[in-house]
Amino acid sequence: MEENVLEGLECVYVKPDTLTDKYQHYCPGCGHGVVHKVLMEVIEELGIQDKTIGVAPVGCSVFAYNYMNVDMQEAAHGRASAVATGVKRVLPDKYVYSYQGDGDLAAIGTGETIHTVNRGENILMIFINNGIYGMTGGQMAPTSLPGQVTSTTPYGRDPKKIGYPLKITDLLANLPGAYYVTRQAVHTPNAVRKLKKAIKNSFEYQLLDRGTCFIEVVSNCPSGWKMTPVDTIKYLEEEMLPQYPLGDLKVPQNN
Amino acid sequence: MTKEIRLMKGNEALAEASIRAGLQAYFGYPITPQSEVLEYFAEQAPKRGFTVLQAESEVASINMVFGAAGAGARVMTSSSSPGISLMQEGLSYIAAGELPCLIVNVNRGGPGLGTIQPGQGDYFQSTKGGGHGDYHLIVLAPSSVQEMADFVFEGFKLAEKYRNPVMILTDGALGQMMEKVELPPEGSLPYVRPEWATTGKAATRERNIVTTLFIEPEVMEQVNIKLQKKYTEICEKEVRYETINCEDAEIVLCAYGLSARISQKAMDLAREGGIKAGIFRPITLYPYPYEILNKLAETADHFLDVEMNAGQMIEDVRLGVNGKKPVHFTGRMGGMIPDPEVIYQEIVKIVGKK
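Those sequence lines, one after another, are chains G and H.
Position 184 of the first sequence, counting from 1, maps to 412 under the working numbering, and the rest follow consecutively.
Position 246 of the second sequence, counting from 1, maps to 255 under the working numbering, and the rest follow consecutively.
Hints are computed from structural coordinates only; laboratory data are not their basis.
These figures come from a predicted structure and were not determined experimentally.
We put the CB at the ideal spot given by N, CA and C, even for glycine.
A couple of the hints might just be wrong.
Partial selection, computed: residues in chain H whose CB lies under 10 Å from chain G [to be verified]:
{"no.": "1", "residue": "Gln-33"}
{"no.": "2", "residue": "Phe-36"}
{"no.": "3", "residue": "Glu-65"}
{"no.": "4", "residue": "Ser-101"}
{"no.": "5", "residue": "Tyr-102"}
{"no.": "6", "residue": "Gly-138"}
{"no.": "7", "residue": "Ser-197"}
{"no.": "8", "residue": "Leu-198"}
{"no.": "9", "residue": "Pro-199"}
{"no.": "10", "residue": "Thr-208"}
{"no.": "11", "residue": "Val-219"}
{"no.": "12", "residue": "Thr-220"}
{"no.": "13", "residue": "Thr-308"}
{"no.": "14", "residue": "Asp-310"}
Restraint ranges, calculated between C-beta atoms of paired labels, are given here [to be verified]:
{"no.": "15", "chain 1": "H", "residue 1": "Thr-241", "chain 2": "G", "residue 2": "Arg-421", "range": "33 to 39 Å"}
{"no.": "16", "chain 1": "H", "residue 1": "Arg-214", "chain 2": "G", "residue 2": "Asp-476", "range": "46 to 52 Å"}
{"no.": "17", "chain 1": "H", "residue 1": "Lys-304", "chain 2": "G", "residue 2": "Asp-437", "range": "45 to 51 Å"}
{"no.": "18", "chain 1": "G", "residue 1": "Ile-390", "chain 2": "H", "residue 2": "Glu-251", "range": "53 to 59 Å"}
{"no.": "19", "chain 1": "G", "residue 1": "Pro-457", "chain 2": "H", "residue 2": "Asp-143", "range": "40 to 46 Å"}
{"no.": "20", "chain 1": "H", "residue 1": "Arg-249", "chain 2": "G", "residue 2": "Asn-346", "range": "51 to 57 Å"}
{"no.": "21", "chain 1": "G", "residue 1": "Gln-471", "chain 2": "H", "residue 2": "Lys-166", "range": "34 to 40 Å"}
{"no.": "22", "chain 1": "H", "residue 1": "Glu-300", "chain 2": "G", "residue 2": "Lys-250", "range": "31 to 37 Å"}
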């Protein structure tokens with residue numbers, strides 16, 4: 229630490245070594261950076277950096293491997309959980325996680341998502357749900373809300389014509405292969421703490437080999453939603469959370 | 010386990026050889042006429058200690074192969090034509106990520122859902138790309154059950170030497186027919202987990218990243234230059250073919266895989282009828298043996314390309330012959346198998362005597 233610079237001040241925060249020094253490309257106010265941080269904090273705290281392999285998606289977090297200081301693979305769009313399956317099956321003693329957005333996990337990768345959880349792959353799947361395609365410029369996502377205006381639903385999402393928000397996490401919680409399914413958020417410090425706990429538990433559950441851990445993170449997208457970061461928090465609380473209520477959907481059974 | 014001689018189906022010989030070659034993981038999806046491969050592995054896996062997983066689709070299979078190969082495992086998948094089409098996206102990624110693995114295509118007649126009978130209509134797809142971008146698979150074409158087994162070893166060796174996906178392009182007949190096969194002993198192909206594999210970042214090294222994303226075009230071009238350099242080296246060092254009776258041949262039959270087997274019979278008929286026919290059989294379809302064809306064009310008068318498709322490899326035969334001598338074609342499509350007698354009649358017509 230640069231104690232000479234901070235002389236006389238108390239050090240209250242240190243970036244984990246599991247996060248690289250690379251400047252993150254995420255928009256100001258975006259939840260990705262927070263999720264990256266707590267995920268990497270957990271890996272550092274558990275001391276499993278040398279035993280962890282992550283899989284990045286296609287979407288805004290496509291460059292996650294630039295920021296996460298662990299061995300990583302960058303998967304094709306939608307296929308992160310299949311790639312993670314391949315990794316875990318040949319390295320069963322390692323910790324494996326996938327990190328995907330809503331378009332990746334719940335549109336193009338729906339088949340892989342359901343079957344990975346249905347097989348109970350012993351991995352952690354992290355699902356960032358911000359209801360929009362951020363990277364390609366704000367198109368409708370499978371999780372976009374009814375009436376939500378996006379660049380491909382300029383008159384608002386009409387469920388009658390283009391379907392309802394896909395509550396894939398609810399669906400996955402019904403599968404016997406799922407061990408722990410929870411929906412968290414990062415819009416308040418308390419929510420961040422809860423998310424971190426969920427991530428920590430999920431890595432610890434991998435030692436038990438009981439099934440898939442799945443964490444949805446309801447997040448925001450200031451650029452895609454065309455709002456200030458502060459307004460996105462309000463929108464998230466008032467519009468997103470009623471559709472995607474926070475909490476555990478499936479809690480581990482002790483047996 | 011020692012060397013062993015068995016009577017086996019092509020698909021089973023290929024699967025057994027894969028286990029003996031130290032296969033660590035297989036991911037696949039059932040499709041006729043290659044389902045025996047997955048079935049054989051499913052039966053053997055618990056006894057012989059490797060991973061087998063029936064995926065929900067060929068799309069998932071090939072991405073599981075990506076993950077396992079990226080983790081440094083000796084890994085393969087197999088399918089037949091429609092399933093291989095579904096894998097093309099993944100193959101492009103695997104080629105871009107320079108991940109060694111083996112892909113087996115037990116070719117059936119197409120296009121579309123086609124037929125479950127043998128075909129060679131996937132030649133273009135296998136040798137010219139198939140997926141997006143500038144890349145090549147190394148493509149091996151067995152023409153016997155023995156080669157179905159041998160090329161597994163060859164395939165893994167080449168894949169790991171060049172960090173490149175290797176395809177064994179075979180067909181429904183070779184997959185289903187039974188022949189005597191000599192199997193090499195188990196564990197005869199050494200394996201070392203590559204240093205670039207994602208196995209967990211040790212404190213002693215930087216993190217390993219398997220990616221196919223190079224967003225800056227200057228960097229992406231360099232990646233392409235590196236790939237092309239590798240393909241050039243492969244073309245220089247790894248061309249494989251067989252010639253039979255070409256020394257005095259006035260007509261050379263050009264065929265791979267099952268077509269080459271059938272062409273041998275046609276060659277025999279021609280020789281019996283007083284026509285000096287020979288066979289040129291490419292074993293690597295990529296890299297293609299252009300040079301030997303060009304040399305044969307010095308002595309032979311005609312080339313007759315024989316395929317189980319509308320004429321795909323003929324383009325490479327023409328490139329090899331390079332206008333020196335006429336190149337003719339005969340073949341069947343949609344799962345139909347050429348008749349040696351018909352090929353012979355074609356030879357007679359071309360050479361103009363009996």
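Hint check:
1. Gln-33: holds, 6 Å
2. Phe-36: Since chain G brings a Cβ to about 7 Å from Phe-36(H), closer than 10 Å, the hint holds.
3. Glu-65: Holds, about 4 Å.
4. Ser-101: holds, 9 Å
5. Tyr-102: holds, 5 Å
6. Gly-138: Violated, about 17 Å.
7. Ser-197: violated, 21 Å
8. Leu-198: Violated - the Cβ of Leu-198(H) stays beyond 10 Å from chain G, reaching only about 17 Å at its closest.
9. Pro-199: The hint is violated - Pro-199(H) has no Cβ within 10 Å of chain G, the shortest such distance being about 18 Å.
10. Thr-208: Interface hint status for Thr-208(H): holds (6 Å vs cutoff 10 Å).
11. Val-219: The hint holds - Val-219(H) has a Cβ within 10 Å of chain G, the shortest such distance being about 4 Å.
12. Thr-220: holds, 4 Å
13. Thr-308: violated, 48 Å
14. Asp-310: violated, 49 Å
15. Thr-241(H) / Arg-421(G): 33 to 39 Å: Because 56 Å falls outside the window, the suggested range is violated.
16. Arg-214(H) / Asp-476(G): 46 to 52 Å: violated, 38 Å
17. Lys-304(H) / Asp-437(G): 45 to 51 Å: About 60 Å separates the Cβ atoms of Lys-304(H) and Asp-437(G), which means 45 to 51 Å is violated.
18. Ile-390(G) / Glu-251(H): 53 to 59 Å: 57 Å Cβ-Cβ, so the 53 to 59 Å window holds.
19. Pro-457(G) / Asp-143(H): 40 to 46 Å: This hint holds: roughly 42 Å between Cβ atoms.
20. Arg-249(H) / Asn-346(G): 51 to 57 Å: With Cβ atoms ~43 Å apart, the hint is violated.
21. Gln-471(G) / Lys-166(H): 34 to 40 Å: violated, 54 Å
22. Glu-300(H) / Lys-250(G): 31 to 37 Å: violated, 48 Å
Of the numbered hints listed earlier, those contradicted by the structure are 6, 7, 8, 9, 13, 14, 15, 16, 17, 20, 21, 22.
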